[in-house]
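Colleague: Chain by chain, the residues:
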Amino acid sequence: MKTYYDPEDLKKFGNISDFQPELGKKFFDYYGSVFADGALTKREKSIIALAVAHAIQCPYCIDAYTEDAMERGYDEEQMMEAVHVAGAIRGGASLVHGVQMMNKYKDLSM
Amino acid sequence: MAVLTHKSLAAQDHELSESDKQLKLLHEAGLTPFQDKLTDSGLFPLKPVELDIFQINMGKMCNQVCKHCHVDAGPDRKEIMTRETMLECLDAIDKTNCSTVDLTGGAPEMNPDFRWFVEQLSAKGKHIIVRCNLTIIVANKKYNDLPEFYKKHNIEVVSSLPYFSSTKTDAQRGDGVFEQSIRALKMLNAVGYGVEGSGLTLNLVYNPSGAFLPPDQSELAGTFHSKLKDRYDVVFNDLFAITNIPISRYLQYLVASGNYEGYMEKLVNAYNPVAAANVMCRNTLSIGWDGYIYDCDFNQMLDLKVAAKGQHLSDFNATELQERSIIVNQHCYGCTAGAGSSCGGTTT
Ligand code: SF4
Ligand code: SF4
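Order-wise, the sequence lines are chains A and B. For the first sequence, the tail end lands on 110 under this note's numbering, and the numbers increase by one without skipping. For the second sequence, the tail end lands on 1348 under this note's numbering, and the numbers increase by one without skipping.
Looking at chain A on its own, in the form it has when it is part of the complex:
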């Protein structure tokens, strides 16, 4: 079956440099630095990445950071709480625009 997403493609992520080596290299160097220990630990960054992966609904990132979070010692409860953080921010982001709708509604109303 043909699909847009193939789990095997995740392993080929590095191949994006084949078509544009310079930018590819810059991206992967940057990516590596972002996920290194800094003011936040690698472990903290892992759970942030897991939440963001859900917010942007990237299946590759969800696979990769589920595994990464497990290998950094997070359990299922913590990981689901992270997904809820993504859900809450996404839901909140829609709902807070309700204020804009209300403003416009009021502008247009007598």
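Check each hint, because a few of them may be wrong.
Claimed, not checked - Computed list of lysine-lysine pairs in DSBU-like fashion (alpha-carbon distance at most 30 Å, straight line):
#1 A:Lys-45 to B:Lys-1266
#2 B:Lys-1126 to B:Lys-1309
#3 B:Lys-1266 to A:Lys-2
#4 B:Lys-1266 to A:Lys-11
#5 B:Lys-1024 to A:Lys-11
#6 B:Lys-1037 to A:Lys-42
Claimed, not checked - Here are a few chain A residues that face chain B, going by a calculated C-beta distance under 10 Å:
#7 Asp-6
#8 Asp-9
#9 Lys-11
#10 Asn-15
#11 Lys-42
#12 Arg-43
#13 Glu-67
#14 Met-70
#15 Arg-72
#16 Gly-73
#17 Tyr-74
#18 Asp-75
#19 Glu-77
In short, the hints are calculated from the structure, not lab data. Glycine included, C-beta positions come from ideal geometry on N, C-alpha and C.
Here the structure of chain A is known, so what remains is to put chain B with the ligands in place on it, guided by the hints.
Modeller: This is chain B with the ligands only, laid out in the frame that chain A set:
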């Protein structure tokens, strides 16, 4: 006693209970031979350093049937070490300068000569480690005084606890195991084990409940210390994070769950030459319940006996063993992934 949910592979007559079938499967994965990796790291043939640890497997009998068990242990396994073989162990130990004797199984305490053997070792002044599965302490009244017995001989107790919650622990080790383990840990704490200043060492072993690699050992230790203290008022010394080696029941789990190829690839990609230089077989000898000699407990389960003329305790030759080459195979990738893995945790 932990609820028995599974039989050993041997009792099921499962094909992966046979070591040659396991080795065949490991080769069929078509991955870079471990030997080639060692060659690239300048470590092949792999040679021993000075012998420090005698690890003795006292038998396959166990009160648990953990899903990941590399020994394929369980109540249905009757192979245990006799006193005669223990005497041969004592003779062999005398021919070496090893500092430590590490007793494992199965549940070594289920061997009727366990206490006698510990007393002999203790009289020799060896540092003794017992790999205690915890639940054995509460499995039967006759084992309830084990903490006192360990204390009497100043034994280092090393116990598996895959997580500080029941879901992950019971998923791997059997229903009710977590609750019983906590009870046993409290009994160990009560006699001083793991308590600061007592001099009695209680170390825990974490291994992943699934097809993934262990987390950073020191970070995880911090979490275990605080969670076990806060939730259960349990204390311990160190935590060893161990990688699951793809043999026996863990191999069967990997195959049955569709994780085999992915896990092997992960191990190979995580090969770390520094960990390879520090693998535990270099300073350890492993003895099987029947007195045969191996490079490690994993080779023992794969029936890969030492590459020496004297392969049994009755022909024990310390010099010859010191000069042997260690037998490596594809399962060795489990010892060299990431921060490395041994019976004492990470190796880098
Ligand atoms: S892992 Fe340990 S406790 Fe579990 S079945 Fe095997 S020997 Fe017994
Ligand atoms: S599996 Fe055994 S022989 Fe292989 S590296 Fe590990 S300890 Fe050494």
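Colleague: Would you mind marking each hint as holding or not holding in the structure?
Modeller: Verification of the hints:
no.: 1; hint: A:Lys-45 to B:Lys-1266; result: holds (21 Å)
no.: 2; hint: B:Lys-1126 to B:Lys-1309; result: holds (27 Å)
no.: 3; hint: B:Lys-1266 to A:Lys-2; result: holds (26 Å)
no.: 4; hint: B:Lys-1266 to A:Lys-11; result: holds (12 Å)
no.: 5; hint: B:Lys-1024 to A:Lys-11; result: holds (27 Å)
no.: 6; hint: B:Lys-1037 to A:Lys-42; result: holds (28 Å)
no.: 7; hint: Asp-6; result: violated (15 Å)
no.: 8; hint: Asp-9; result: violated (15 Å)
no.: 9; hint: Lys-11; result: holds (9 Å)
no.: 10; hint: Asn-15; result: violated (16 Å)
no.: 11; hint: Lys-42; result: holds (8 Å)
no.: 12; hint: Arg-43; result: holds (6 Å)
no.: 13; hint: Glu-67; result: holds (6 Å)
no.: 14; hint: Met-70; result: holds (5 Å)
no.: 15; hint: Arg-72; result: holds (5 Å)
no.: 16; hint: Gly-73; result: holds (4 Å)
no.: 17; hint: Tyr-74; result: holds (8 Å)
no.: 18; hint: Asp-75; result: holds (7 Å)
no.: 19; hint: Glu-77; result: holds (8 Å)
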